[in-house]
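Chains A and B, in that order, give the protein sequences. Here the first sequence stands for residues -7 to 185, where the numbers follow the numbering used here. Here the second sequence stands for residues 5 to 251, where the numbers follow the numbering used here.
Read the hints as simulated data drawn from the structure, not as lab findings. For every residue, glycine included, the Cβ atom is placed at its ideal position computed from N, Cα and C. One or more hints might be untrue.
[What the hints assert, rightly or not] Coverage of chain A stretches by chain B, computed from C-beta distances (three or more under 8 angstroms per stretch; other residues unrestricted):
#1 62 to 68
#2 153 to 165
[As the list claims (entries may be wrong)] Below, a list of computed lysine to aspartate or glutamate pairs in the DMTMM-like style, where the Cα atoms sit at most 20 angstroms apart:
#3 B:K68 - A:D15
#4 A:K58 - B:D66
#5 A:K168 - B:E31
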Amino acid sequence: MEDKRTTSDEDISTLLEKAGEGDRQAFKDIVSLYQQKVFLLAYSILRNREDALDVVQETFMRLFQKLDTYEKDRNFQAWLLQIAKNLSIDYYRKHHGRRREMESDKSVEELPLAAEGHWSNPESSELRHVISRNLERLGERQHLIFVMKHFNGLEYREIAQVLGISVGTVKSLHFKAVRNLKNWLSPQLGIQP
Amino acid sequence: MSERDREEIRRHIETCPACADEVRTLERLLESADSLGQNMKATLAGIDWDAQAEKIVAAVWDEKARPEREPRRERAWLFAPRLRPVLAGLLLGIMVGAAAMFITYRSGVLEKPPAEAFFASSEFLGRVDQEMARRETLDYLEKSQYVLLELAQTQTESGNCRLTEAAARETRELLGKKRYLNPQLEKARMSKAKAICDQIELLFYELAQVSENLTPAQCRGIQNMIEEKNILLKIKLLKKELQESEV
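My request is simple: use the sequences and hints to build the entire structure.
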């Protein structure tokens, strides 16, 4: 996959600089490198492929508008995913909020996760299925951290940058997410809660 | 966490079955979560990412081109060479107008001349006060005279003293009017007029306290008061004096 290509900070800075000067190919390279990571994050929040693709496009449009404001010292991926996260949440609240209000009386912060996906993998176990269902019950920050850690493969440091919180808070929230899941999944895991 | 702490925990887990179970549970949970993430990534396979990237870049470039074209057109129209003389004329007009305004303002032409102060001597103001008091007193005396004459006339005809409704209302109004007349008379130093008006006022107080249907005794009492104090005569003389002293 394209996003597996290793790209140094220097390469990204060069591409961003060129894109800022109007180099179409440089911008396309940036899109190619990061679109799948953005998609995974958006999809995990929106649970809809087309909506997630819309957010991916919107994210890169926003990125292009903000190219001038990018600071070279900053972690580009974290910055981009921060934009994607904010747009996904905005998109969700705008398009799904009303429907969700009618369906449930959960708070807006309890965003759903890409849980009921159409997993084509026949090896999907019951446990995975149950985990995916229970991820929805996590609070917004807990489930975002869980998704970014386990689905996007981000480090704690990168998640902290995306969410604008400290690494310690990320670790703490991740621990709470795991503990909650463990408690909810005790029967499936064969342990006492 | 230091390496030493880690080693200590590791050793504890090896010897503690409960903690070892807990760790195994968490590992199983996290492994499942990671494999869930892998499954999720499988959805990526169904998307043509090259086409998607091209679509995004095309949309961005289209968006980028749109806002630039529109203002350029506006600017081009505004600053077209054929409009330059007009713009220069407008600019020159604004500058000349501003300079003219500045010069006019500085010369003081626009400044309003100070309003002339109104001046009146204290003697004049005193005469105005006196004239106003004179007129008010004359009015008071005239109305009082009508009321008192009516009272005397009614008694003469029927032998039973009775005030008409109009006379009774007039009496109440004259009592009110006298309260406003007092300061005017004092200010105009019309002590004689004030003394006579006070006597009339006293009489009207007496009238206001009794009912409209006066008993013969009450009526006689008031009549005596008018006669004894020569109220009607005093009114007549004072009226004459005030009419003659018109300013």
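Hey, A:K58 versus B:D66, does the alpha-carbon distance stay inside 20 angstroms? 16 angstroms, holds
For the pair supplied as a hint, A:K168 and B:E31, confirm whether the alpha-carbon distance does not exceed 20 angstroms. Cα-Cα ~15 angstroms, so holds.
Within 8 angstroms of chain B (C-beta), three or more residues of the segment 62 to 68 of chain A: violated (count 0)
Please check whether the segment 153 to 165 of chain A has three or more residues whose CB lies within less than 8 angstroms of a CB on chain B. violated (count 0)
Does A:D15 sit within 20 angstroms of B:K68, going by the straight-line distance between their CA atoms? Satisfied, since the Cα-Cα distance of roughly 12 angstroms is no more than 20 angstroms.
Going down the numbered hints, you'll see the structure goes against 1 and 2, while the others check out.
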